[in-house]
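Protein chains: 2
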Amino acid sequence: MPQSTGCILWFTGLSGAGKSTLAGRVSSALRERGARVEVLDGDEVRENLSKGLGFTQADRDINIRRIGFVANLLARNGVIAVSAAISPYRAVRDEVRSKAQVPFVEIYVEAPIEVLEARDTKGLYKKARAGMIRNFTGISDPYEPPLNAEVVVKSAEESIETSANKILGYLEKRGLLR
Amino acid sequence: MPQSTGCILWFTGLSGAGKSTLAGRVSSALRERGARVEVLDGDEVRENLSKGLGFTQADRDINIRRIGFVANLLARNGVIAVSAAISPYRAVRDEVRSKAQVPFVEIYVEAPIEVLEARDTKGLYKKARAGMIRNFTGISDPYEPPLNAEVVVKSAEESIETSANKILGYLEKRGLLR
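In order, the protein sequences belong to chains A and B.
Numbering follows the working numbering, with no gaps: position 38 of the first sequence is 458.
Numbering follows the working numbering, with no gaps: position 92 of the second sequence is 512.
Next comes chain A alone, as it looks inside the complex (with noise of 0.2 Å):
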């Protein structure tokens, strides 16, 4: 029987806004209450589930479909399933809620892209404008911000700790922490 409540936390933002470090920040919070967390790491689910696709608009959208429907999966089973990938384009972000079978939780990590290329912390963003990396959001791909998303967080604004306690504090109000 279920003992904790499974949901989807749908982070969703540019490179470089901390959808990662807050994903982590979040899912440690929620493993102290003694939920049941598991984190689909971008990488990993690249390598696991979708090697060999690429970053066109048609490839991503595939592997967010899979990484919706391993989450849905960890998700109908007490999990909270979270994702952290940049998932640019808002269609395929909303056909994944759509065919979520649990509460999906959008939340957008928004900062300003000027803000993220002066920081630049991987150097992906040189890289990008150097037309080193191709299909690269926000320099030469689009990024949709989501139009209703649960949680907006303000990335450049906010300390990490505001940030995750409004999700917190978002999940408490739907009554989906214990």
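If you're looking for bench data, these hints aren't it; they were derived computationally from the structure.
Fair warning: there could be bad hints in the mix.
Stated by the list, open to error - Under the rule of at most 30 Å between Cα atoms (straight-line distance), these lysine-lysine pairs were calculated in the BS3-like manner:
1) LYS546(B) to LYS471(B)
2) LYS547(B) to LYS574(B)
3) LYS586(B) to LYS542(B)
4) LYS471(A) to LYS519(B)
5) LYS574(A) to LYS519(A)
6) LYS519(A) to LYS586(A)
7) LYS471(B) to LYS542(B)
8) LYS471(A) to LYS546(B)
9) LYS519(A) to LYS546(B)
Quantities reported herein were computed from a predicted structural model and do not represent experimental measurements.
Put chain B on the given structure of chain A with help from the hints.
Chain B in isolation, oriented as in the chain A frame:
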């Protein structure tokens, strides 16, 4: 906190040997005992994780690795993850076993191919003999039986109850059932 003990039940055997039927029976019995069970249906997995892959050894191996990856994610979160794909190649079955972070229970559903071909419930053997289906396990493709399966059931000789009870008995003995 984990309530049930997760593990992977990996059924393997020829087409028509009764893997899915037996997996369904065992799953129902496990659910009645309060376990969380997820059956990774071969067709559903191909549709959602492996669209475009065929039935060559290379493609089958990729598909089996993906089932193994997802089964492990589920099982390490306390779910009994059930696979009932043919999975004809020993090496990739053993690879999935070696990567599993949970108990891996291989169940060989053994039946003589002559019996299955004579029965031919889905008409697939006839089509394979006629060359209408390529890469058909047992006809135009090999089937490599497990050398050390945890459970062997003989579906052409035993009743489904006998086979199911063998499996449940094994899980009890291993301490995988509460």
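Hints, verified against the model:
1. LYS546(B) to LYS471(B): holds (26 Å)
2. LYS547(B) to LYS574(B): holds (25 Å)
3. LYS586(B) to LYS542(B): Distance ~27 Å between LYS586(B) and LYS542(B) Cα, so the pair holds.
4. LYS471(A) to LYS519(B): Distance of about 17 Å is within 30 Å: holds.
5. LYS574(A) to LYS519(A): OK: LYS574(A) and LYS519(A) at ~28 Å, within 30 Å.
6. LYS519(A) to LYS586(A): Roughly 26 Å between the alpha carbons, so the hint for LYS519(A) and LYS586(A) holds.
7. LYS471(B) to LYS542(B): holds (22 Å)
8. LYS471(A) to LYS546(B): violated (35 Å)
9. LYS519(A) to LYS546(B): violated (37 Å)
Comparing the model with each earlier hint shows violations of hints 8 and 9; every other hint is respected.
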